[in-house]
Amino acid sequence: MIILTRVDDRLVHGQLLGAWVPYVGAEMILVVSDKGSDKNFSSCVNSVCAEYGIRVALRSVAEAIEELKADAYKDVKTILVIRELSDAMKLFDAGFKFEKLNIGNIHHKHNGDGRELTRSVILNTEDDEIVEHLSDEGVEVEIRDLPSREPTPYYKRERSDSNE
Amino acid sequence: MVGGVIITHGDLATALLNSADAIAGDIERVLTVCVEGSESTEEIAAMIEDALSRLSREDGIVIFTDMFGGTPTNIALTFLDGSGEDRGGVEVLTGVNLPLILKFLNNRRDSDFKELISQLTEYGRKSIVLASEMLKGGAI
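Line by line, the protein sequences give chains Z and X.
The first sequence maps to residues 1 to 164 in this note's numbering.
The second sequence maps to residues 1001 to 1140 in this note's numbering.
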């Protein structure tokens, strides 16, 4: 069972292990990323998770789609951590219809169109389109780094923003 | 001389180094990287790269990070070279604390890199003491 679907470009890190895992009582973290992960990082994530008594697996978007379709995690309380909003969109379009999407960390400040919703959530135009699209589809999009904090409300990008 | 980089969430790295300076001094070739929530992983990696480039890999560099599993550690790990050279290289020690930094400052001139790393690892683990138990165990 996927108990939390989160977009986080820091993947498995302090906020996740220290706060979200105990908060939702997760038994497993499924990391979805098409960007190859550093070998040292992956093996260390494995040891960290072992230390925390939690399983971890790293999947490409395509692999994740297959596994989610097959409901491969139905017996395991799983946090899905997705590197990019666009990857979350791909999962959604492929049939993984999450009802709620948590946004933890996105740092898209380099293409000139990034806007800062919180210190750690900086969305580009494509991200905004995705959030609006998901909201239209009925997904509750929540910008919230930690369970102990109030979510930050999303507001639409003013069209003039894109020309700045 | 072995160099050091302290990498933590927020300002802890700078505060630790300031405290170490106040107690021991001799903090030359020890740099800090403070990781903020607003920084992308690429930016953090670039800050670490910059710090490493100002030190000598040949003499050895110890990267101290705050917690195993946190972003500072995760990114620091990508700089492990795993060269297995006899001299120098980069090592990452997690769970940095003040005693560990002081030990590093005191020992880094006299020990070779590999020896220093094993001393620090052992010392760091021993540096947490339950005072009441210690006092009970052996009054001096």
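Think of the hints as simulated: they come from the structure by calculation, not from any bench.
Each hint should be verified, as a subset may be incorrect.
Selected chain Z positions facing chain X (in silico; Cβ < 10 angstroms) [as the list claims (entries may be wrong)]:
no., residue
1, Cys-44
2, Val-45
3, Cys-49
4, Phe-98
5, Lys-109
6, Arg-119
7, Asp-136
Computed from a prediction, not measured in an experiment: that's the story for all the values here.
Every residue gets a Cβ at the ideal spot worked out from N, C-alpha and C, and that includes glycine.
Here is what the structure says about each hint:
1. With a least beta-carbon distance of about 5 angstroms to chain X, the hint placing Cys-44(Z) at the interface is held under the 10 angstroms criterion.
2. Satisfaction of the interface hint for Val-45(Z) is found here, the shortest Cβ-Cβ separation to chain X being roughly 7 angstroms, below the 10 angstroms cut-off.
3. Because the beta carbon of Cys-49(Z) sits about 8 angstroms from the nearest beta carbon in chain X, less than 10 angstroms, this interface hint is met.
4. At its closest, the beta carbon of Phe-98(Z) sits 24 angstroms from a beta carbon of chain X; the interface hint therefore is violated under the 10 angstroms criterion.
5. At about 7 angstroms, the closest approach between the beta carbon of Lys-109(Z) and any beta carbon in chain X falls short of 10 angstroms, and the interface hint on this residue holds.
6. Here the hint on Arg-119(Z) is kept, as its CB sits about 4 angstroms from the closest CB of chain X, short of 10 angstroms.
7. A cut of 10 angstroms between beta carbons decides the hint on Asp-136(Z): the least distance to chain X is about 28 angstroms, and the hint is violated.
Figure legend: structure checked against the earlier numbered hints; hints not met, in rising order: 4 and 7.
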